[in-house]
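Undergrad: Top line first, the protein sequences correspond to chains S and V.
FYI, this note's numbering numbers position 377 of the first sequence as 377, with every residue one higher than the one before it.
FYI, this note's numbering numbers position 274 of the second sequence as 274, with every residue one higher than the one before it.
Read the hints as simulated data drawn from the structure, not as lab findings.
Don't take every hint at face value.
Among chain S residues calculated to face chain V with C-beta under 8 Å, some are [as the list claims (entries may be wrong)]:
1. Asp47
2. Ile48
3. Pro431
4. Lys436
Just a sample of chain V residues kept apart from chain S, beta carbon distances all over 12 Å, derived [unchecked claim]:
5. Gln8
6. Asp27
7. Thr57
8. Ala74
9. Ile118
10. Arg131
11. Thr216
12. Glu300
13. Ala389
14. Leu395
15. Ser407
16. Gly420
Quick reminder that beta carbons are idealized off the backbone N, C-alpha and C, glycines included.
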Amino acid sequence: MAALDQFEAKEGVDQETVDAVREVSTYKYGWETDIEMEYAPKGVNPDIVRLISEKNEEPEWMTEWRLQAFERWTGMVEPDWAMVEYPEINFQDQYYYARPKSMEEKPKSLDEVDPKLLATYEKLGIPLKEQMILAGVEGAEDAPSEGRKVAVDAVFDSVSVGTTFQDELKKAGVIFCSISEAIREHPELVKKYLGTVVPVSDNFYATLNSAVFSDGSFVYVPPGVRCPMELSTYFRINAENTGQFERTLIIADKGSYVSYLEGCTAPQRDTAQLHAAVVEIIVEEDAEVKYSTVQNWFPGDENGKGGIYNFVTKRADCRGDRAKVMWTQVETGSAVTWKYPSCILRGEESQGEFYSIAIANNYQQADTGTKMIHLGKNTKSRIVSKGISAGKAQNTYRGLVSMHPKAKNSRNYTQCDSLLIGDKCGAHTVPYIEVKNNSSRCEHEATTSKVDDDQLFYCRQRGMDEEEAVALVVNGFCKDVLQALPMEFAMEAQQLVAISLEGSVG
Amino acid sequence: MALPELKQSTTEARLAALSLPEGGCLDAARRAAVARVQTMGLPDRRDEYWKYTRPDTLTAVQGPTAAVFDSGEAPMFDTFDRIRIVFVDGVFDADASDDLSLEGVSIERLAEIQGKDIHWAKDIYGVLEARGQTPVQRPLAALNTAFATDGVVIHVTGTPSKPINLVYRHENESSDAILHHVIKVDSGAEATILENGPAASRFNKAMEIDIADNGTLHLVRAQGRDHERRAATHLFARLGRESVFKSFTLTVNGVLTRNEAVVEFLGDDAVAHVAGACVGDGDFHHDDTVFVTHDAVNCESRQVFKKVLRNGATGVFQGKILVKEGAQKTDGYQISQSLLLDDDSQFLAKPELEIYADDVACSHGSTSGAIDEDGLFYLRSRGVPESEATDLMTLAFLAEAVAEIESDEIAASINDRLYGWLARRR
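Can you make the complete structure from the sequences, with help from the hints?
TA: Have a look at this one:
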């Protein structure tokens, strides 16, 4: 922690502040689980693709699908249009499959899962025991117990460790399991939907993912069912030099509703690690999906060493009329983020919403935003994006709003704000707006400002120290997005905002 | 890196069809520009900067022909007391032009200074254009620097009593003109430049403007109405301390217009406004691409663009504010709005910000939609016929851009034109 020691030496900074900064600047999830792992050989080639498919006990059609994706990927070029810089990635110098040795025999129930793995999730605040209340949720004690239940699918490196509440969900008709299990147990659903929202050849990382994805979650909510609890997947990268390629497929059939949460962390390491996920969501007529992410991958240290390269393709397809999808994301982790959760508004009167807070500190780079493709009549979309840059970080909002000629009477409202803390960071906005009919309305607003002096002065006058004041002002700035987060994340998100910004002032 | 094959061949063909003027004080600048074109290659559809506008007719060896259009109206700015400099299809017309001597300003032609060995314009010609090639490439501007056949070289030393009017006439259906102007405004000097007319069937124009500390330049242009003409214009402005640059462009008609404005603040406390109003009808395609770089403290930039589109017209706006590290107290404002009068027209916008300084206020807004039904209803309920109410609403929509013109007299003449144009199209 050389940088913090230097900080200590600086005049006029009291020990308490230094301790506080040390506390918050330390990535809390940077520890590692000491567990025996089993790896596929380094690199990626058709044999590795076959091996992953074999490990997941996949049918022949799935293996073929992967191999075709790999074939395409070899002819593709890594995109370079995002405002991020990182050393060239050697795709052959990392592992594409890693699983704990104890997972060789798939545990039949959570009781059989390696206690070390359970302890890992326990430590992350994600107890994998049913009926447990999620730690740290305010008011959880008073809530009726079924209202607070959250089913969790826990993914550890390349494999799903276990999924809770599966039986109870089954009673409601909801299928919630790992994608590898779904490929085996529900091939007809996977075949019908996989790759239909994010085509195999969509982009470089999505194609790579299609070839080598190891695990992830699968959700199917049947017609008319309101999923009885929140569903959640927690992704943990533990192994070194290993990329995580998860694949999530969510299908909300006619008139159904599901709220899905995603969390992720990784150990602190000197070398960067790759994470390239694909999330596909299909929303049928009158269905609604709420997808919330708190992305807290290891962001690299204060000198920009290590961290996760987060190259993610997320897309929702509102196929039926009045379908609704809502993306909410709090992005605080990752060294490099390249992520644009999008909505295809195909059904008439379908709706897409995107709420995002991206916080970048130290040497983090985030290039994130959304695409709203209006194809159906009377479709609506709303984008609220708040970017905060501190230290030497770069934060970019990149988005597209497209109103097709047939999307009559559609409506978009976009607001993107950036906040800069310090004069060595950057905030950028790159929106594309394409309006091809005149009955639709499109509005885009963006501002960039520093923390308002008057507001800071007001807070300090009331006895707050500067850091507290900044945290308060920033929380106000982010309120629009935080309010859209489900209860389970609200407190966590508030904390994250304060944590990432404290210590940046002055 | 080698250019893609198609780009390479298009570029080579275009270069081969042009002849490079040789010798004199601009020789080195022209040769350097040729090298830039060769390195960059001419733009094509695959370039992100040309995502919304097809450059192929601008880069082809021979541009499509364009019929000469008689609007039946008097030339723009005709009633003003001004110095006229007339170019017909890109060729200077001495008989139609006024005497070029005026106190407070020296006006020369590019073709005249070309042969001289020493001239002040050497320090600006191609220099601002070359600076404007990063971070985004503008190969058509480099092509212009290399092959411009004529233009004006204006040195503003005081405050001339009347505006300088560059008049561009189009008489030949297959004309292809390349003009390059250099304008230098001395410290404390102030001038107004007016430009009007369609110039040629295909027109490539570049203007480099260097404004010294405390200098002021007003630029108002009305791009000619010839329906089939094509134009690619570049404006490069470099601003010194406490200087002021205000530009307004009116575009009605033209099958293809790409106006790029590149403004760079180098001195503190300067002000730059770049505004445009356009009214497009039919297969009209109009593209405003603006890049403002703040590299000084406490400067103000405004971009105000309004587009009225109908019958399948396309309006494009690509605007960017770049605030460099240390450019504190920057006030950057950008608004682009379109009024779509029918369902076939489209508006494509990319309003960008790139900011590396924390004590700044930058905002950009972009809206697009149909005419406000409530406003229309209000006017009709007061007895205003629908067509007139639509015109009133359209003029009101464009007013914010026209208001960027400092001279009331010029603004009034622009409004008259707009109203007349709308009235005839009823």
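Undergrad: Just to be careful: measuring from the Cβ of Asp47 of chain S to every Cβ in chain V, is the smallest value less than 8 Å?
TA: Violated, because the Cβ-Cβ distance from Asp47 of chain S to chain V comes to roughly 34 Å (cut-off 8 Å).
Undergrad: Given Ile48 of chain S as an interface hint, is the shortest Cβ-Cβ distance to chain V below 8 Å?
TA: Where the cut-off is 8 Å and the nearest Cβ of chain V is about 32 Å from Ile48 of chain S, the hint is violated.
Undergrad: Let me know if the C-beta of Pro431 of chain S comes in closer than 8 Å to any C-beta of chain V, holds or violated.
TA: holds, 6 Å
Undergrad: Confirm or reject: Ala74 of chain V is not an interface residue toward chain S, with every Cβ-Cβ distance exceeding 12 Å.
TA: holds, 33 Å
Undergrad: Over 12 Å to the closest beta carbon of chain S is the bar; see if Thr57 of chain V clears it.
TA: The assertion about Thr57 of chain V holds, with a minimum of 22 Å to chain S.
Undergrad: Please confirm whether Ile118 of chain V is truly not at the interface, meaning its C-beta sits more than 12 Å away from all C-beta atoms of chain S.
TA: holds, 43 Å
Undergrad: Taking 8 Å as the limit, does the beta-carbon of Lys436 of chain S come near enough to a beta-carbon in chain V?
TA: holds, 4 Å
Undergrad: Taking the closest pair, is the beta carbon of Gly420 of chain V still more than 12 Å from chain S?
TA: holds, 24 Å
Undergrad: The output says Gln8 of chain V does not contact chain S. Does that hold with a beta carbon cutoff of 12 Å?
TA: The assertion about Gln8 of chain V holds, with a minimum of 19 Å to chain S.
Undergrad: Minimum C-beta separation from Thr216 of chain V to chain S exceeding 12 Å: can you confirm that?
TA: holds, 28 Å
Undergrad: Evaluate the condition: distance from the CB of Ala389 of chain V to the nearest CB of chain S exceeds 12 Å.
TA: Ala389 of chain V clear of chain S: closest Cβ-Cβ about 17 Å, beyond 12 Å.
Undergrad: Is it the case that Asp27 of chain V keeps its Cβ farther than 12 Å from each residue Cβ in chain S?
TA: Nearest chain S Cβ is 37 Å from Asp27 of chain V, so the label holds.
Checked against the numbered hints above, the structure violates hints 1, 2; every other hint is satisfied.
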